[in-house]
Amino acid sequence: MPGRNGPGSTAPRIISSRTFPGPIRRRVAGPLRSKRLEVLQAQTPSDFARGKADETAFSGLDNLSSRCHFPAVALSKLERLRELIRSYGSCLVAYSGGVDSVFLAHVAREVLGDKLLAVIADSPSLPRRELEEALSIARRFQIPARVVKTAEFENPNYVANPNNRCYFCKHELFEELTPIAVAGGFAVIAYGENASDVGDFRPGAQAAAKFQVRAPLKEVGLTKQEIRELSARLGLPTADKPQMACLSSRIPWGEPVTEEKLKMIEQAENFIRDLGFHDVRVRHHELHSNVKSLDRCIVKSEGNDSTIQRFNAVTSLARIEVGIAELPRLLAGENFLRVGEALKKMGYAHVTLDLHGYRQGSLNEAISLNGRRAI
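With the numbering used here applied, the sequence shown covers 1 to 375.
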């Protein structure tokens, strides 16, 4: 009998998937502008940290399919991923605690059991909170994990920060992982590149190819959105985790990467996130100027001759990006004053807010990448 949401109704129909682990989702189904509208209520990383996984949420493909409305194509890709990983026999996963690597490690653990090892690289470019969270997730989901120290900062090519910096980082990583895989008898090294990364500027993929590192998520065609959706159904706390590139990515190409800069960036981003902001980037820029003022110059006298030495003064500028929907809150009340004062105490001479909000690869906007983008 036709009713408000009956067969003959044109009113939107609300479908709630709150019973599933992960973020709360509500779908509006119906002839709303002839499209299906999905609204995702964002949760912060702290929300996920407090959440608990539903241990029974996924005991097989049929169970997942029956419990939720999910595209058959994604389920098919998940099954192909399991078959692919099963064919490895054993696998070492380059693990970072991000959306892709957590999903990959979790599925590999489910398929391979103790023939899986997740290895996370620890270096100054990895925020301490990210390291702690990655290890916490591994413990929670019984993923065997190991931490190795990497030495990309000893490579002048990496420190110089060219546009293919990621190649040198991944090269160092895979160079460290190879002997671990050999010693542990792991047949395959895999990392979390996915199908959405195809076409992006990814120098790290060149290093992966050199070391014959597999990208199973990409090989079965899983996109970022599909990985997030599947992660939510699996109860993984990273389902809606913000994109988290390494700290070095906050520094424009051509400006040297130093540990001091990375510590400033990490401290600044932590402060802003602790105010409740979700998508946060602090882009670190250097401002150069020829200083002629007496308080910045040294006058040398030799006999009757005096010379003035000019110094190229360098000051740091923080360009803050937050999610576009979060901009009003950052500008409201005293938030912007608190952030400005805090970052200046951290060593930034200038603190600015990017009115375009957070977007992936914003540092690439000032240079040409032949239409490609990087993280």
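Everything labelled a hint here was simulated from the structure, so no lab data went into it.
Backbone N, C-alpha and C fix where the C-beta goes; we use that ideal spot for every residue, glycine too.
Please note that a few of the clues may not be correct.
Ranges of calculated distance between the beta carbons of each label pair, as one might list FRET restraints [to be verified]:
(1) Glu341 with Arg128: 44 to 54 Å
(2) Ala245 with Val147: 16 to 26 Å
(3) Val147 with Ser196: 26 to 36 Å
(4) Pro179 with Pro156: 18 to 28 Å
(5) Pro71 with Ala349: 44 to 54 Å
(6) Leu287 with Pro162: 14 to 24 Å
(7) Ala72 with Thr352: 39 to 49 Å
(8) Ile324 with Arg140: 29 to 39 Å
Going back to the hint list, which numbers does this structure go against? Of the numbered hints given earlier, the structure breaks just one, which is hint 1.
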